[in-house]
Amino acid sequence: MTTMTMQAQSPPKGFKAWARKIYNPIGFKKGYNFVLWFIFAGVLFGFTLARFMYLDFSTHFCPKGGSTGGNSAAPGECYYYLNFDRYKIGILLHLSGILPASLLVVLQFTPYIRHRWIIVHRISGYCAILLYTISLVGALMIARNAFGGGLDVQVWVGFVGMGVLVCFIISYVNIKRLQIEQHRAWMLRGWFYVSHSLCHLGYSH
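Heads up: the sequence shown at position 15 corresponds to 6 in our numbering, and the numbers run straight through without jumps.
The hints are simulated quantities; they were obtained by calculation from the structure and are not laboratory data.
Mixed in with the good hints there might be a few duds.
Stated by the list, open to error - Calculated pairs, BS3-like style, for lysine-lysine (alpha carbon to alpha carbon, straight line, at most 27 Å): (1) Lys7 with Lys167; (2) Lys20 with Lys7; (3) Lys79 with Lys55; (4) Lys7 with Lys21.
Start from the sequences and build out the full structure, keeping to the hints where you can.
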């Protein structure tokens, strides 16, 4: 029995020992959690950075007169963004909200920050939710003309946008009740829905 206990508690060797040197300092205790974080957070991080240039709206998203930046919006969208203030404000709210929020989320799901810098985690979380809400307002403003403005697009924007907001509200209620696991689960659901929409619509450009 003592031998079995010693074997069970013996330190890992080889690849496991090397892997733990990578993910333990970041705050992960299990390797598969680190792999999932690395894949999904990495994709969101890279995707968001690649589209941060869209914040330079007049150069990279909807250049006037076909400037060197190229047109990154869906066909026909820039007509509305450049000629109607409501839609331009909407797309600017959406881009300036969702892109910074997506970067903050990568930090939110990094265990080291969540465990060691709780105040940073809280402030960053509030900022991410606020930025998402701003981006949702912008998305609802442009839904009528985004990606053709079909009824399917409008329903999708409204359904996913409000659904994510509900996830965040439930998550907020759970953390106030100190139900940490439920808080994390609902945040994960919400941001997975956001990430899916970002990648799906982003790759359509």
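Status of the hints after comparison with the structure:
Proposed proximity of Lys7 and Lys167 is contradicted: the alpha carbons are some 37 Å apart, above 27 Å. Simply put, Lys20 and Lys7 have alpha-carbon atoms about 12 Å apart, close enough for the 27 Å limit, and the pair holds. At most 27 Å may separate the alpha-carbon atoms for a hinted pair to count; Lys79 and Lys55 meet this at roughly 13 Å. For the given pair, Lys7 sits about 11 Å from Lys21 by alpha-carbon distance, which is consistent with the 27 Å threshold.
Checked against the numbered hints given earlier, this structure breaks only hint 1.
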